[in-house]
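*Asks:* Chain residues, written in single-letter form:
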Amino acid sequence: MIVDALESLVRDKAVEDGMPALRLAFTPTPVGGKTPAELAEYIVGEDPVTGEPLMEEILGHLTRPLNEEERRTGEFVRTKQRLIGPDTAENLQRYFDDRFWTDQLPIVMPTEARVNAMLAATSHPRDEMVGRMRVTGTREAWEYTVETVAINAVMAGARPELFPAILALAATATNARSSSTSSMAGMAMFNGPIADELQLNSGTGALGLYNNGGALIGRAWGLLSGNASGGSVPGHTYMGVQGNPMSSVPAVFAENVDGLPAGWNPLHVQKGFEADESVVSTFSGCQSQNTMMVLRDEDWEWVLQRFIGGLGSPQRSSKLLLVDPAVTAPLLRFGFDTKEKLIEWIEANVTTPKFHYWLDQEVINYNLGPARAGREPYATWLTLPDDAPIPFLQNVEVVVVGGSGNIRWSVNECGYSRSMRVDEWR
Amino acid sequence: MPMSVIQFLPSAGLRAAAGSLCLGLALVLGLPAVAGAQSDAGSDQRFTVLNPTGDAPPIERKAMAERPDSLDGRTIYLVDVTFNGGDLFLQEMQKWMAANLPTVTAELRVKRGAYSANDPELWREIQANEGLMVMAIGH
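Chains as they are written, first to last, in the working numbering: chain A, 1 to 426; chain B, 1001 to 1139.
Read the hints as simulated data drawn from the structure, not as lab findings. Take these hints with a grain of salt, some might be off.
Simulated pairs of lysine-lysine, DSS-like, Cα-Cα distance not exceeding 25 Å [said to hold, decoys possible]:
(1) A/Lys271 x A/Lys341
(2) B/Lys1095 x A/Lys34
(3) B/Lys1095 x A/Lys13
(4) A/Lys80 x B/Lys1062
(5) A/Lys13 x A/Lys80
Work out the full structure, taking the sequences as your base and the hints as a guide.
*Replies:* Listed below in structure tokens is the structure:
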């Protein structure tokens, strides 16, 4: 049983899981937030999809003998045709747009010659599998090759010299257009010599589109995320209830290594890479970005706890601090002479009372089940007194970025996903 | 001139699979021209382009569980997955069954773990009791 707003999604999912005739029944949308009396009305009402009395339909589902289709077993394979056309650019654009293969903006036509030129920028064969990607964690994983990445790079308007960076980003298998109803997006950051080589922005407007290389890499990643993972079709393979402006052209930037204070390592070094290696790191689950001014000596602890702790549901245990070089001096004064010390302080001191933690709907949806099953730390958190502080942040990252035009910095609800060497994809 | 293509459509193709082992969907489309700026637009030049989609994994069809002739004496497990009020909904369904299905036992259960986690212990229990299951996810 599921709400009628998710009918297309659940039918797609039933096919993926090998039971295309799975017997389904639907309630009106939503169920969450309704009173027991309102839900009792759903029970005695009709299925809004089929129009049948709901309970009569369910009892029929439980007793009606299986038909031939419902007994069917065996494997089936889905194929695609590699070439499309010939036709005019206008018609092909419409064809791609109608299937949500684009970001609904004009694309460069991925002709064989253009794709071959892109492929010439890597030593990897066109049919090599780069990775597997899902539209969201519960959906099937699709595979994509070097050629698939090249096709999407051409569509984005990328130049061949960007292709190894795009391939490395593709190899992280991070989806920049998650289909979560939470309307999440992805971000990517480059460290090492590649940042200068591709002239990626780490200063003013770094997270925006004020950099050609970053914008093209980001657009290629966005297109690939929709096309390589099984689609990005609203109602089927894209379910973000409001959408996210960052999911069309994800932010792609470089860490401002010149702005790193002494003792603060760049992100890729924190993740175990050498400083002179070119690395791309991805972030996912990005939902919002909130800025504030510099912290003051008198109340920085209170402000940090409130600012970071108040951003979104406490179920979201990840946060990404985007620290402008102009605001690092006070952080050093507070004793954070490494990124790790700042992260440790935040994860220990940003808390929410147990009573409110377990009343949060996202916490109920995602953490209550694991808590009841004994998974830590949730199982212990469930047993604490109501006023006990829950340190709910477990995946905090700090990067330095920005042009220091003001004493302003930000926190984003992103979680670190994965890092990949760029040179392996040349 | 209409463009002739054979192409798998993710959403429409998945639906088509409900009635067929074959998910390939043949379409012959006549696509209207559209105005708009794009790098290849504005001429009658014709392009053959490459499909940008990934490769779908094979699907292993599973037979559904056989149904009983009658619900008399049976236990129906109402399985909550801890999501957006599904528990309250199933509690109301349990009340309805108690009032309207006197020969049926309606057992309300919460699946272990997160909403997408497997719970083989519960499945074994339902199977051992020759039970039936209604799973509901709130949203």
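*Asks:* If a hint holds in the structure, say so; if it does not, say that too.
*Replies:* A quick look at each hint next to the structure:
no. : hint                : verdict
1   : A/Lys271 x A/Lys341 : 16 Å, holds
2   : B/Lys1095 x A/Lys34 : 17 Å, holds
3   : B/Lys1095 x A/Lys13 : 30 Å, violated
4   : A/Lys80 x B/Lys1062 : 24 Å, holds
5   : A/Lys13 x A/Lys80   : 20 Å, holds
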